[in-house]
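Residue numbers (numbering that gives the first Met the number 0), protein chains in the order written: chain A, 0 to 423; chain B, 0 to 303.
Hints in this document: simulated from the structure, not taken from any laboratory. Any given hint might turn out to be false.
Stated by the list, open to error - Simulated pairs of lysine-lysine, DSBU-like, Cα-Cα distance not exceeding 35 Å:
(1) B:Lys61 <-> A:Lys218
(2) B:Lys74 <-> A:Lys245
(3) B:Lys61 <-> A:Lys110
(4) B:Lys61 <-> A:Lys81
Stated by the list, open to error - Partial selection, computed: residues in chain A whose CB lies under 10 Å from chain B:
(5) Glu77
(6) Thr88
(7) Asp91
(8) Asp102
(9) Lys218
(10) Pro222
(11) Met411
Heads up, the beta-carbon is just placed ideally off N, CA and C, and yes, glycines get one too.
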Amino acid sequence: MKTKKVLCGILLITLISGLIIGCGKKDGKQSSGDDLAGTEITLTVWNEPNKNDELNMYLQAEKATGIKVNVNVIPESEYSSKLNQMVATKDDSADILIVWENDIRNFAETKGIIALDKYLENSSINQDDFIDAVAALTEGLGATYGLPWCAATEILYYNQDMFDAAGIPYPDNNWSYSDFLAAAEKLTKYNDDGTTAVYGFDLPNTQTWWAGIGGYGDKIYDPSTGRMVIGDGAVSFIEDCAEMVKKGIMPEPSSDTSDKFAAGKAAMSWMGSWNIGAYGDKLDFNWDIATIPTNKIKYNTLHTGFYTINANSKKQDAAWKVIEWLMGEKGQEINSKSSGNPSALKTIADKGAWKVESATTIDNWDAITDSLAAGVFGYTCLPSGVTNNAISLFNTALTGQITAREAVDEAMQYAAETIGYSLK
Amino acid sequence: MKEKGRKNRHLANNLTAYGFMLPWFIGFICFTAFPVIFMFFVSLTNRRLNGISQFIGFTNYKNIFASSTFRNSFKVTIFFTIVMMIVTAVWALLMAFLLNYKQRLNGIFQFFYFIPSVIPSVALAYAFRTMFGKDAGLFNALLSSISGSNVRINWLYNERTVYPVIFFITLFTYNTGQMMLIFRSGLNDVPVDLYEAADIDGAGFWTKFGRITLPMISPVILFNTVTGSISALNGSFALLYPLTGDTGDPNKMTQVLSLLIYNEAFSNYKVGYGCALSVILFLLACVFGIALFGISKKYVYYEN
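Just chain A, same shape as in the assembly:
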């Protein structure tokens, strides 16, 4: 009888202890350090991780932290709208959201993402080391809600073989806009029937249209009002492009989807710095880069994404540990090597891991640092519907169906209607 009582007592104590231990651990919330090993988190991003395991920063983060990182790739065209829907529905399927420039303020204001200050207090990440534009973008939020995963810029790509053949000196980072226009004309080659065989300059893409307009002095985006600000600069740049289209120097906007620069059908092109990694040693000709030619001012748009933590995540501590590693020297180095984009942390960027090794023909790596110094967060802070509508109108003007002034006025009108302000 006594033995039974003792056994009962032991069982009761075990049960109560188990209950206390079981209830003591909060669902999914980890404390710190080694407790987090083995936790599984999900991160959303718009491009596939690098196929090379050494350059796959998420895989390397997993190895370094012991936290399993699932990568949820959402197509770029749907990325921002999907994230907005996740925030609206308080979705907790992703712990780390890489948020674009135009969303971070909204997400912070709607409490869709958390302030990172409590984590940053005990972290080695030096926020004073970020490039100035980053601080300006998140100014006024009252806290730090995201950390920039890199800083990409827009640059001029040129075909060295074509410059050599035409006897034109290579562009440098002080190239003027008028030199650029003259070179584009000289580099154009025509067929016997007058059609163009090789264009001097490829049509600006949805990103670099704004570099041309900004170079003419238009502000493009006013952070204090959230408005789109284009005018005479945009008109002038569209007119320049229309003239180049008319002369066959630049291709007309069309449904062709081929990359004319990579195909050797255009001598110069303005594109994002991330194309360096994509081109590497894959092009059949020698090529190099320079900053976008300087018109009235030196202008290009900065591009980034911010590592943020979903406010509905149940694994915020683990998410932070992964972010901290990704923002550290090793994480930033792998990101730069993989994408060709410099770190937004100046001291890490200075080490030059972003100089893609396979791009052996590039000499002018200073083009990247010079572009970063001149870069601003511009059109990327506007809704994509507004900027796409504007480019559609600019393209219409290039085909001569409306004038440059009409295109700019209509784009401004639509921006005002959409964002909600009056032009009067």
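Please arrange chain B on chain A, whose structure you already have, making use of the hints.
Relative to chain A, chain B alone:
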């Protein structure tokens, strides 16, 4: 007692019938009625895609009717719907007519004609977008080899060619293929003795077509035009977005309402405004349906 038993049986029968209909009712309420009511409710708010929402009454509607973008889109939608409905119905009827002739390899011909119709619209549109490219497009290459000159027509960015190209592409969509099959079955149901009687009377092809075929298949024509117009109103997005929707769209010539709704809700994050546009599209589809049924009273022939 007998009366009570009859009533009970009647009630049981009714309940059984309603029981069988219940799944449909639940589906209708959850997936049709509720979304329509919810859409109207959201249209009265300034709801953003990130969930911020405030009741603003009819402000969205006021802004819509003041917007030149909407007015243009409304005109384009009406034009696009009417022309697409006519083009696809006429083409489908013609194909059905040709397929109805008894000849060898008819099945193979029908199979090959119907194949593009089962390809998803988005994939089909991307394929045609490449084919109608200016510098590297298949059609320009074909025309160049035929003409011996370097043809570079900018099919999808030129205001004179964009509509013919788009209406040409609609001939290969699922909607047209489906219409063709329905027309075929309608043509097969026309009594042969009517044609035989007409032959005896010496009627020619057009007389038989106008006096026998068209009246006899008029219910099928009504069905196809109603479904075709609603499909053009709602489904044109899947075709136009890949063709011109991103940064193409010469002079806003292809910005139909469904495309505008997508842009407002998912590119500009204005869900409330997008819902108000959807309510207008819904009403427009109702008007099209009612108008077609109104016309049908005069022109559709029902044997019974």
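(request) List in ascending order the numbers of the hints, as given earlier, that are violated by the structure. (result) Per hint list: 7, 9, 10 and 11 violated.
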